[in-house]
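If you want the building blocks of each chain, they are given just below.
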Amino acid sequence: MKSLEELKAIRERMQNKVVLREGGAEKRIVVGMATCGIAAGARPVLNTFVEEIANRGLTGTVEVGQTGCIGMCRFEPIVEVFEGDQRVTYIYVDSAKAKEIVEKHIVGGQPIVEYTIGAAEK
Amino acid sequence: MKELSLNILDIAQNSIHAEASLVEILLTETEETLKLEIKDDGRGMSEEFLSRVTDPFSTTRTTRKVGLGLPLLKLAAEQTGGYMEITSRERALHPEDHGTEVTAFFYKNHLDFTPLGDVISTVVSLVQGSPEVDFLFLHEMPERTVRLDTREIREVLGDEVPLSSPDVLVWIRESLVEQYGDGE
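Going line by line, the protein sequences match chains U and C. Counting in my numbering, the first sequence runs from 322 upward without gaps. Counting in my numbering, the second sequence runs from 292 upward without gaps.
There may be inaccurate statements among the hints.
Each computed PhoX-like pair below joins lysine-lysine, with the alpha-carbon atoms no more than 25 Å apart [said to hold, decoys possible]:
1) C:Lys365 - C:Lys330
2) C:Lys293 - U:Lys418
3) U:Lys418 - U:Lys348
4) U:Lys420 - U:Lys329
5) C:Lys365 - C:Lys293
6) U:Lys420 - C:Lys293
I should point out that these hints are in silico values taken from the structure, not numbers from a laboratory. Values in this document were obtained by computation on a predicted structure and should not be read as measured data.
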């Protein structure tokens, strides 16, 4: 059984860090998690983003959030990346694409155009 | 939905949307049956809305006028010979004791039973998305019981460390994996 002692250790470790306030992140990744998104495979996508951001030590600068249906169910799983006033909408995202988005867009700063909704609608 | 755990994730979002402070996800299994209960203390529904809530053309969604969450769960239960029922007490009428309870009953040996799937990822996804809401997850099986109560975790963590912190989510996942043992 995982011990509560381990949780206490997590608390102490976190208290020593500067805790980032809501909205303080530079980039925000939002995964559509309504019925349509979930049915299309959004849960593993969300978990991949959460793990990748944590493993790369980006927790302070990149936020991972969930949202409801944005009305384009046929393109789910949909992921939006917000940075400043820029928004990039990725469609048909799976775990492999999620890893690539973290590597190239979040870390590398280059959106992957071929996975965006703009590319699909051409 | 390919897994019942995805229906659970979907339906629990309704509770969060209804401003619940506690969402209970209870799974009770025998060799032949599975009962799923999702209970919340959210704002509840009016009797009028409750009467049409399993109709796909009823939804709280604002982007379009179709909602499939409850109809899909109902279908998943009924196609095994089971049922789904919903009771609700609206906050406006029951200020002290309001909320919604969804119960779905499944016959596991039926050909059309949808496997439960990865409930651990469902719990982790819920906590990640709504760290301010408390969740009680209780899964009773013939051979073991798995339990997670975020109120207990919150008590240890205090106010400063959100439940959505990556280290806490890892702890929650590992705690559940450990409790399920080799059987999951």
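Tested hints:
{"no.": "1", "hint": "C:Lys365 - C:Lys330", "in the structure": "holds (16 Å)"}
{"no.": "2", "hint": "C:Lys293 - U:Lys418", "in the structure": "holds (21 Å)"}
{"no.": "3", "hint": "U:Lys418 - U:Lys348", "in the structure": "holds (18 Å)"}
{"no.": "4", "hint": "U:Lys420 - U:Lys329", "in the structure": "violated (31 Å)"}
{"no.": "5", "hint": "C:Lys365 - C:Lys293", "in the structure": "holds (14 Å)"}
{"no.": "6", "hint": "U:Lys420 - C:Lys293", "in the structure": "holds (23 Å)"}
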